[in-house]
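Sequences listed follow chains A and B, in order.
One point on numbering: in the UniProt record's numbering, the residue at position 56 of the first sequence is 56, and numbering is uninterrupted.
One point on numbering: in the UniProt record's numbering, the residue at position 58 of the second sequence is 58, and numbering is uninterrupted.
Some hints here could point you the wrong way.
[Claimed, not checked] A few chain A positions that, by computed beta-carbon distances, are all more than 12 Å from chain B:
{"#": "1", "residue": "Thr9"}
{"#": "2", "residue": "Lys16"}
{"#": "3", "residue": "Arg27"}
{"#": "4", "residue": "Gly61"}
{"#": "5", "residue": "Ser64"}
{"#": "6", "residue": "Asp150"}
{"#": "7", "residue": "Ala183"}
{"#": "8", "residue": "Ser190"}
{"#": "9", "residue": "Gln216"}
{"#": "10", "residue": "Asp240"}
{"#": "11", "residue": "Gly279"}
{"#": "12", "residue": "Asn281"}
[Stated by the list, open to error] Partner residues aside, some chain A positions facing chain B, computed with beta carbon under 7 Å:
{"#": "13", "residue": "Ser124"}
{"#": "14", "residue": "Phe127"}
{"#": "15", "residue": "Arg129"}
{"#": "16", "residue": "Leu132"}
{"#": "17", "residue": "Leu179"}
{"#": "18", "residue": "Thr184"}
To be clear, the hints were calculated from the coordinates, so they are not data collected in a lab.
The beta-carbon is built from N, C-alpha and C at its ideal position, and this holds for glycine as well.
2 protein chains.
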Amino acid sequence: MEPIILDGTVVAKQIKDGLKGRVENLRAKGITPCLATILVGGDPASETYVRMKGNACSRLGISSKRVHLPKETTTIALLDEINKLNEDPQIHGILLQHPVPGDIDERAAFEAIDLEKDVDGVTSATFGRTALGLSGFPSCTPKAIMTILDYYNITIEGQNAVVIGRSPILGKPVSALLLNRDATITTCHSKTKDIDKIVQNADIVVAAVGKPKFVQGSWIKQGAIILDAGYNEGNIGDVDYDACLTQASAITPVPGGVGPVTIATLLSHTVEAAERSAGKNE
Amino acid sequence: MEPIILDGTVVAKQIKDGLKGRVENLRAKGITPCLATILVGGDPASETYVRMKGNACSRLGISSKRVHLPKETTTIALLDEINKLNEDPQIHGILLQHPVPGDIDERAAFEAIDLEKDVDGVTSATFGRTALGLSGFPSCTPKAIMTILDYYNITIEGQNAVVIGRSPILGKPVSALLLNRDATITTCHSKTKDIDKIVQNADIVVAAVGKPKFVQGSWIKQGAIILDAGYNEGNIGDVDYDACLTQASAITPVPGGVGPVTIATLLSHTVEAAERSAGKNE
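Just chain A, with the same shape it has in the complex:
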């Protein structure tokens, strides 16, 4: 049977279509949802990501405030900027583009983001709430993966899900979300032995390792579902797509898979944050 291509652009369109009316309702009340994006330094890829996110906002009537800081910025100066945005009632969401230059304490910066404005789901408090099934904005890519699975009616309960990667904003939260949806979850990483054998046991594979074509076709059980959260230089995912395609029953392409849904999720969280803020002030 031909594998299903899990088309993220279709999922993203559905999310964004659902937001339009909500943005209009907010604007009718005089509230424009606003996402602040913070970019430190001039990494070209990061500049592109931030610009894409800003453009996606504006197409939907969400405003964005771009804060661009020089690469020499100190941790304290960055924390000051974040605190200003925390206190600004016009700002509903804050995104600090990862990675920041090496001299900055990125974790301290993430932790400084107000929980209610943490639309990118980067704080440990948000992670804790996500993992324990409480309210909050989960990290966008993990949430996007769950949305894709649901859009395509893929069963999660009781499935063996293997996540490759354990970063704080991807591998760990996607493991937590899958566990809360009743998958049996195995989290692998650089110290994992015989990763091929572990992946061969997976009904659902999430590649979140940041290495181009890391996941081999021979690792994939016939009929497995593959979600590729990797996005490496030259539009290459973490999965050897052509080799895995022949094994999988469904797979996300790169580009056009998880990426567009991640951005739509960020927009969705920003609108929700604005709605919550409006609800409080009513």
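Got chain A; can you put chain B on it based on the hints?
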């Protein structure tokens, strides 16, 4: 080869011996570390646990304040009590005995505990910090399991660890701690299929399911390490001890395994909380 019995009483003694001088130092400064224990209702097992914890405190020169509330207590009244303890500078740690009566929102009560006094590691914020490798007091039983592994020099890195159970204060945090120590971690639960086959692949098995003798001897790979965090009526663990003993290379008994180390960990966290509080006021 005879399996090693992982004797928790020895590990607990070492922890407590290490605390004596620290408690004396604090008392010399006029500070007596103090743990507040909150018990809601009259469940006999819970009463016993709270009394054991209070007695363990007093043997070490740690004071404890017992708050015993009637089973009709509302969530709001419980939150009020917790807030009083949060604000009381004489109290360094707060333990809300689990479970509370069903009408109370236990999660809301846990979340109300001040992060700096969350010596039992029950808040989502503490869980998030634990999982992302930041400072904080991890849940006591998960931390006790790690301490036992380290005391007996058991390798964690690169091992396949299978955790059976996914509760917020046991299964989830012990999975997170093992992952951060470079185990490949699989978390199983009631919806897991073919759990016997999954456990057969484990180098380290953590039983945290709350069902007497749930883990069968036939599930255990020859030479595996077994940690039994269960404590069911009649001093019975979650592991079929006699059957598993013949397979394991090391195993915790019940009682005398994880339990005593859990209590020692609680004392250790309370002393550390008092030290941090003293450091702030200097």
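Kindly indicate which numbered hints from before are broken by the structure, ordering the numbers from low to high.
Of the numbered hints given earlier, those the structure breaks are 7 and 8, listed in rising order.
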